[in-house]
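Given chain C, put chains D, A, Z, B, Y, S and V with the ligands in place with the hints provided.
Protein chains: 8
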Amino acid sequence: LRTGFPEAIFAEGKEEPELIKIIEECAKRGRVLITRLEETKYNNIEEKISNLQNDGYEFEYNRKARILLIKDGEIEKQGKIGIITAGTSDVPVAEEARVVAEEAGCEVLTSYDVGVAGIHRLFHQIRRMIEEDVKALIVVAGMEGALPSVVAGLVDVPVIGVPTSVGYGVGAGGFTALNAMLQSCAPGIAVVNIDNGFGAAVFASTIVKQIDRKGQ
Amino acid sequence: LRTGFPEAIFAEGKEEPELIKIIEECAKRGRVLITRLEETKYNNIEEKISNLQNDGYEFEYNRKARILLIKDGEIEKQGKIGIITAGTSDVPVAEEARVVAEEAGCEVLTSYDVGVAGIHRLFHQIRRMIEEDVKALIVVAGMEGALPSVVAGLVDVPVIGVPTSVGYGVGAGGFTALNAMLQSCAPGIAVVNIDNGFGAAVFASTIVKQIDRKGQ
Amino acid sequence: LRTGFPEAIFAEGKEEPELIKIIEECAKRGRVLITRLEETKYNNIEEKISNLQNDGYEFEYNRKARILLIKDGEIEKQGKIGIITAGTSDVPVAEEARVVAEEAGCEVLTSYDVGVAGIHRLFHQIRRMIEEDVKALIVVAGMEGALPSVVAGLVDVPVIGVPTSVGYGVGAGGFTALNAMLQSCAPGIAVVNIDNGFGAAVFASTIVKQIDRKGQ
Amino acid sequence: LRTGFPEAIFAEGKEEPELIKIIEECAKRGRVLITRLEETKYNNIEEKISNLQNDGYEFEYNRKARILLIKDGEIEKQGKIGIITAGTSDVPVAEEARVVAEEAGCEVLTSYDVGVAGIHRLFHQIRRMIEEDVKALIVVAGMEGALPSVVAGLVDVPVIGVPTSVGYGVGAGGFTALNAMLQSCAPGIAVVNIDNGFGAAVFASTIVKQIDRKGQ
Amino acid sequence: LRTGFPEAIFAEGKEEPELIKIIEECAKRGRVLITRLEETKYNNIEEKISNLQNDGYEFEYNRKARILLIKDGEIEKQGKIGIITAGTSDVPVAEEARVVAEEAGCEVLTSYDVGVAGIHRLFHQIRRMIEEDVKALIVVAGMEGALPSVVAGLVDVPVIGVPTSVGYGVGAGGFTALNAMLQSCAPGIAVVNIDNGFGAAVFASTIVKQIDRKGQ
Amino acid sequence: LRTGFPEAIFAEGKEEPELIKIIEECAKRGRVLITRLEETKYNNIEEKISNLQNDGYEFEYNRKARILLIKDGEIEKQGKIGIITAGTSDVPVAEEARVVAEEAGCEVLTSYDVGVAGIHRLFHQIRRMIEEDVKALIVVAGMEGALPSVVAGLVDVPVIGVPTSVGYGVGAGGFTALNAMLQSCAPGIAVVNIDNGFGAAVFASTIVKQIDRKGQ
Amino acid sequence: LRTGFPEAIFAEGKEEPELIKIIEECAKRGRVLITRLEETKYNNIEEKISNLQNDGYEFEYNRKARILLIKDGEIEKQGKIGIITAGTSDVPVAEEARVVAEEAGCEVLTSYDVGVAGIHRLFHQIRRMIEEDVKALIVVAGMEGALPSVVAGLVDVPVIGVPTSVGYGVGAGGFTALNAMLQSCAPGIAVVNIDNGFGAAVFASTIVKQIDRKGQ
Amino acid sequence: LRTGFPEAIFAEGKEEPELIKIIEECAKRGRVLITRLEETKYNNIEEKISNLQNDGYEFEYNRKARILLIKDGEIEKQGKIGIITAGTSDVPVAEEARVVAEEAGCEVLTSYDVGVAGIHRLFHQIRRMIEEDVKALIVVAGMEGALPSVVAGLVDVPVIGVPTSVGYGVGAGGFTALNAMLQSCAPGIAVVNIDNGFGAAVFASTIVKQIDRKGQ
Ligand SMILES: Nc1ncnc2c1ncn2[C@@H]1O[C@H](COP(=O)(O)O)[C@@H](O)[C@H]1O
Ligand SMILES: Nc1ncnc2c1ncn2[C@@H]1O[C@H](COP(=O)(O)O)[C@@H](O)[C@H]1O
Ligand SMILES: Nc1ncnc2c1ncn2[C@@H]1O[C@H](COP(=O)(O)O)[C@@H](O)[C@H]1O
Ligand SMILES: Nc1ncnc2c1ncn2[C@@H]1O[C@H](COP(=O)(O)O)[C@@H](O)[C@H]1O
Ligand SMILES: [Mg+2]
Ligand SMILES: [Mg+2]
Ligand SMILES: [Mg+2]
Ligand SMILES: [Mg+2]
Ligand SMILES: [Mg+2]
Ligand SMILES: [Mg+2]
Ligand SMILES: [Mg+2]
Ligand SMILES: [Mg+2]
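Heads up: the sequence lines are chains C, D, A, Z, B, Y, S and V, in that order. According to this note's numbering, the first sequence is numbered sequentially starting from 1. According to this note's numbering, the second sequence is numbered sequentially starting from 1001. According to this note's numbering, the third sequence is numbered sequentially starting from 2001. According to this note's numbering, the fourth sequence is numbered sequentially starting from 3001. According to this note's numbering, the fifth sequence is numbered sequentially starting from 4001. According to this note's numbering, the sixth sequence is numbered sequentially starting from 5001. According to this note's numbering, the seventh sequence is numbered sequentially starting from 6001. According to this note's numbering, the eighth sequence is numbered sequentially starting from 7001.
One chain only, chain C, in its complex shape (with noise of 0.2 Å):
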């Protein structure tokens, strides 16, 4: 019942050998992605795992996604989604959903640190999105995570609620925002865990490939 998208890895955690065992065993099935790598911890394995360039395989390190992919060419769009901030904090968490996103067939169109405050900045780029056609609006924010609630009030379009760690005091950890979002009084928005920008973008993505089915 299911159908292609790229085997994930997260590398939180996991120590730098039992990293490169598991990308190269991965790699033998095709393209990968490995997420939450540390800068630091993509250098020091870079050289170990070159041997996979020779097998055709392309390295594409994001360091603000913290995204390693290991790609054998470009994967054709299907659909667009947005994807919007509400701080420049918010940023690594979006970045890593885009790149998710680009990956499982999506082009992505994103508008980073519109925030609650300049309300009209956020209705411009909201009806820009909306008349590009985007099928989803991925929406990241912390503090106390009211962005999603906006927009939702102004569009149809299902919108997917992000919350990130940002913040401090009650807001610390990202629980403040989260429970913001399950909460808001707009209907039309659902929610994924805390940072967890993979998976808006793959659930994004689930989405825009219902659009494709539909003329089977």
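Hints were generated in silico from the structure; no laboratory data involved. Cβ atoms here follow ideal geometry from the backbone N, Cα and C, with glycine treated the same way. Each hint should be verified, as a subset may be incorrect.
As the list claims (entries may be wrong) - As a list, the in silico DSSO-like pairs of lysine-lysine whose alpha-carbon atoms are at most 27 Å apart:
1) C:K64 x Z:K3080
2) Y:K5041 x C:K41
3) D:K1041 x A:K2041
4) Z:K3080 x A:K2080
5) B:K4080 x V:K7080
6) Y:K5077 x C:K48
7) B:K4064 x A:K2041
8) Y:K5077 x Y:K5028
To be verified - Have a look at the derived ranges for each label pair, beta carbon to beta carbon:
9) Y:E5018 x B:T4040: 55 to 65 Å
10) A:Q2078 x B:I4119: 41 to 51 Å
11) V:E7007 x S:R6121: 41 to 51 Å
12) Z:Y3061 x Y:T5040: 54 to 64 Å
13) A:N2051 x B:R4127: 58 to 68 Å
14) D:R1063 x A:K2028: 49 to 59 Å
15) V:E7047 x Y:E5012: 30 to 40 Å
16) V:E7025 x S:R6121: 16 to 26 Å
17) C:Y61 x Z:N3051: 26 to 36 Å
18) Y:E5018 x V:R7127: 51 to 61 Å
19) A:K2064 x Z:Y3061: 46 to 56 Å
20) S:T6040 x A:E2038: 27 to 37 Å
21) B:I4119 x V:E7007: 16 to 26 Å
22) C:H120 x D:R1063: 41 to 51 Å
Just chains D, A, Z, B, Y, S and V with the ligands now, kept in the frame of chain C:
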């Protein structure tokens, strides 16, 4: 930027005279959906809002879903979704989702009480829904909330997890189910608030609407 | 260092004979305000404290606010404040605030059920209040508690956030609203306890009093 | 509806190149305040933003408050506020509040480490501040957070409670202090997030601004 | 190693026939104390255990304390303790402590509803108790639970803090009061469970007993 | 009533000189097991306890399990148990369990990283273990902790759930996995503390011991 | 892979007509166990399911355990287990465990209300059970939940801890007992959900079944 | 009302120059006790405060207790107390209590690492302390915190429970031990904050002081 979904009133915590006033105001603008309306409360107000039936409205009260529809004809269906529950105690939340999704223009396939235990029966139901071309699956579960993880491992369709407050001890209030769904190791799941069948249905309908927007 | 504000009695959890005794003692010293007094409880004690009416007191019971005023004339108003609610379920808390603020010498402007959804209506109400020269805004909201953030982004007047226990699932008890207000990324907000309309009003009145002290 | 307060940048969690870019952009629009800026981080970026000094800006770094002011002259003072701390460990949060409040046009009186223990010393300090006509009191306390309750019992001036993350065991993280302030039995207190000296100061300055608006 | 304290039965949650059986068994061994016994429950069982009165026992039911004493004469007093409450809602817990402490051989001085507000009245009551030579102070408080801190700052006598479940919002259940007492910056306080007047009294009586053991 | 299991020392949080002293004391009474012993700590103390090797002891350090065995020959095996993990990150906890169980006289079958995803591979592993006649299954899982539920639905053998602190956001610390296992809708599961491979193994060995006691 | 245990229905939260339907369906497949069935609910449905008695079933309702057995003869006993409770309030949970364990083929020895206080009486009861050759001990305790730790320190038999929701203040809901059991410093304990006598019994029966499988 | 106990400074979180300044000020008024002072911090400041030794002060640094005494002779002892720990990891907290209690005029008997396991050894230690006529017992325990309950069941002396942050998983941070002590079913226990050896000792010394006040 937003289009037509009937207005929804959340009846819980509203006193009867207040509720009647809000219903009458809403009904001036079109169809109305009253959620979380207990049967006795419905019986108490039914008479007092009966004048709306002169204005061409019909009443349809669903006891299990605790929803009153004040409608003026049938809604045209735009696409299919599936709704699955783990247990029988999750059915009221699933029924809330079903009634709302239908009102939002979705054709709904249901499969209640499939649990994680009888893995083969679950597999069979999922396959049927995929073959019927559902565009999203709403998976409702309380207790340890494992069902959405298992389902998302089987399909590429978006899975909307609805945790229910069914459980006791550490599971009381639905927080274990909620957290399990958010922390699922199977990607492709997004989650709504505990017992929020309404929100899951509205979200699912925004997915179905994307497909229609395609050819535009 | 402190000046006159009528004594206030919190009726919740006090048995009737006890309450009557406390009211009678307080009334010897001047006006009294009894908060969180349910209607039936009021009906039960009304007769038994009727002798106070011979001492020149009038009774004024506000059912929505659940407050009984035992007063001896009108209070002179010193300045204006505004009270806004997100939904209709937040109104009892707002009314508690209104009655207390008036008793504390404030003229009160209200605007209930403005939500975050209808951003233009909200904008209009805020503008009206600023033009009327309110010295503080009390913003009452449950669910995800986003309204004070939005309001504080629009004005330079002090915003007093009052989270309400309106919500369910992760929002039950008002903690999501409370945390969202405390963690707001818009500065200019201070917060009181969940459902504490009384505290918000007393606090707002301390602001209004500063203005009067100016010319001294 | 909003008027002039210098832009504020929250440095915590921002990488240095990013921070420099944001500072330079903000400085184009006027004075800038960089909060939560650790001394070493300041030392690292100082050189790289030194060109702003050619544009007529001066740098003023406050180590205790962890704030960098990028200023172009002095701010005119509009009214007085007081800042009190319970212990010496609360001073950094109080200093953050002081610097921000001065930048927002307040004259600030401080009294640090007055505790609840030496009730007579506390009483003396409060009296002094009231006589100096402060329009608001910011009271900063960790541990059991009792100080704002005691202060609010003594004065009619608005008391802004700032809980700090000073404490251990059940007091770790500042939640005991926060909850104690929110649940205070003395009315006249409103509260900001744990360690949020910035927010308390901005809020206090909105009160001071009301007084000026009076004669308009 | 242990000596005589009458047996105590916790009535809450026990069904009436069960309770009667336990009481009768205990009464064979001597005096009995039944705590958390609601008035109606007492009325229901009174008749059924009346035969104990033939065995030389007297019944003494204290409605406020919700305690039934089944006694066979008076207890000799060994030393004094003081019991103080912050508010009137804390009185039932204080009364539970008083009855138990007397039964455990303490002479009890009480001072209810002294609050933190009227600091001079509090000071007066404390002084009186110290002059009367109390060996321990039980301080009962809900809400923000600041009273034990203030008291312990004034005296060298052991202070036993009893948090009560009086409060709402963040104070609901008594956890704010409990944590404030545990995290007090005034040393000389030890704490018992929320609403545990019984435990505080037994503990205080163990202190009083030490004094008697002195001359041995 | 208790019989022989080697003494176990928990090394975490113990300083090296202290640890050496405890090890030497224990070794006088027989074999010793030192758990939670980091590799560098082991390297630091190895030399200093080398004299134990003269007393007939061998050292066996397992880096993954972080356990040092100080042993004097092999343990006789009494029965089989199985250990399964959901992911590779759970392996250290599983290895702690394996080493301890073997030391407690169990023969251990392992199957790591079977997840919930590949339901057929899981099914195959479970069948193999049952055919090998394991008397208990230790199932180790972090994240949403669903694996023990699925396993217990398939077998009648006692399933011992070990939640791990593998996860992030709402899953951080292992509490989601713990609660999911406790709240499982499949009966036949009992649970130990988060990351407690040691406890699971000791418990499993008590089951194996019952079988031996049978014929007595 | 699974063998015969009668089907069990959890009655709590199920409406009567629904319950009757489920019972009738289950009874077609064999014996049925209905747990958490309140006496009044049982009285209401008894008549309506009486037809099952014509099919050869007998009804056995246990009021303390709140269980209805619909049985067709006696179960053959395979091995012994012991059930111990700390207090009398824990007895309903213990009785749930007893009835379920007997239905699952265990002979059950019970010892209720042994507490931690009377250590010698506890010791005596434990010894008796070990001599009777119980294969597992179910230890039921609320409050601080210390009993399983003490028991596991005395025996080598598997100890299954069942925390109960008996307690108040910090112990309310059973979480203190649960955590104490999970965090016990005596190994040899595994734990089930709060008040889950059912789960403890099923788990204990899986242990007893292992012994029988031995000679196969 | 308060008498002499040396001033105590909490060093944790205080920077060195600040600490030196506070120490010098305190030393003007008499003996000083600096708690939570890490060894390296002590080494750093030792030199800089050495001038105090010219003023007749001696330094006594206790590494395990992390306390520096700045003293001018010995303290006269007024009465005995006992200190007991469950494990070796609890010893630092116990040592903090011992040093503080001695400084507060108590003679201290200690018995470390008695656990709940070896019930006979515990019994022996308790008996010895009672025979030595201790006036209070400080019982220090982490993990499940059962030791104070067991001790309080054996003696009539006041038991002061000190939960420690020793534990992991559900026991991390010491909250399980804290709650277990507060919820103990053995009366005669009062509790201080997690790891608060200081507070327990000050409290115990207030008990010892009562005995001396007796003959006055
Ligand atoms: N069952 C429900 N669950 C969650 N949200 C709901 C539900 N029913 C209605 N709503 C939302 O609540 C809003 C109405 O709230 P109210 O104005 O209080 O009636 C609607 O706009 C819906 O978005
Ligand atoms: N110390 C602080 N505490 C809380 N909020 C702050 C602080 N400093 C700045 N802010 C707020 O954070 C916003 C800037 O966030 P950012 O865009 O991440 O720099 C400002 O508009 C302020 O409202
Ligand atoms: N890895 C572990 N996890 C949990 N408990 C352990 C572990 N290792 C040892 N223990 C227990 O801790 C006790 C030893 O604690 P200690 O005296 O502090 O070394 C042993 O008796 C074991 O019951
Ligand atoms: N180890 C400790 N644990 C708890 N409280 C302490 C400790 N040491 C000192 N204190 C208290 O903290 C106060 C000093 O705090 P500070 O002014 O921050 O040094 C003293 O008056 C003591 O009451
Ligand atoms: Mg929308
Ligand atoms: Mg999927
Ligand atoms: Mg503002
Ligand atoms: Mg005041
Ligand atoms: Mg004191
Ligand atoms: Mg099973
Ligand atoms: Mg054992
Ligand atoms: Mg005792």
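Each hint, compared with the structure:
no., hint, verdict
1, C:K64 x Z:K3080, "violated, 45 Å"
2, Y:K5041 x C:K41, "holds, 24 Å"
3, D:K1041 x A:K2041, "holds, 24 Å"
4, Z:K3080 x A:K2080, "holds, 22 Å"
5, B:K4080 x V:K7080, "holds, 22 Å"
6, Y:K5077 x C:K48, "violated, 42 Å"
7, B:K4064 x A:K2041, "holds, 20 Å"
8, Y:K5077 x Y:K5028, "holds, 24 Å"
9, Y:E5018 x B:T4040: 55 to 65 Å, "holds, 59 Å"
10, A:Q2078 x B:I4119: 41 to 51 Å, "violated, 28 Å"
11, V:E7007 x S:R6121: 41 to 51 Å, "holds, 50 Å"
12, Z:Y3061 x Y:T5040: 54 to 64 Å, "violated, 40 Å"
13, A:N2051 x B:R4127: 58 to 68 Å, "violated, 37 Å"
14, D:R1063 x A:K2028: 49 to 59 Å, "holds, 56 Å"
15, V:E7047 x Y:E5012: 30 to 40 Å, "holds, 35 Å"
16, V:E7025 x S:R6121: 16 to 26 Å, "violated, 58 Å"
17, C:Y61 x Z:N3051: 26 to 36 Å, "holds, 32 Å"
18, Y:E5018 x V:R7127: 51 to 61 Å, "violated, 28 Å"
19, A:K2064 x Z:Y3061: 46 to 56 Å, "holds, 53 Å"
20, S:T6040 x A:E2038: 27 to 37 Å, "holds, 30 Å"
21, B:I4119 x V:E7007: 16 to 26 Å, "holds, 24 Å"
22, C:H120 x D:R1063: 41 to 51 Å, "holds, 46 Å"
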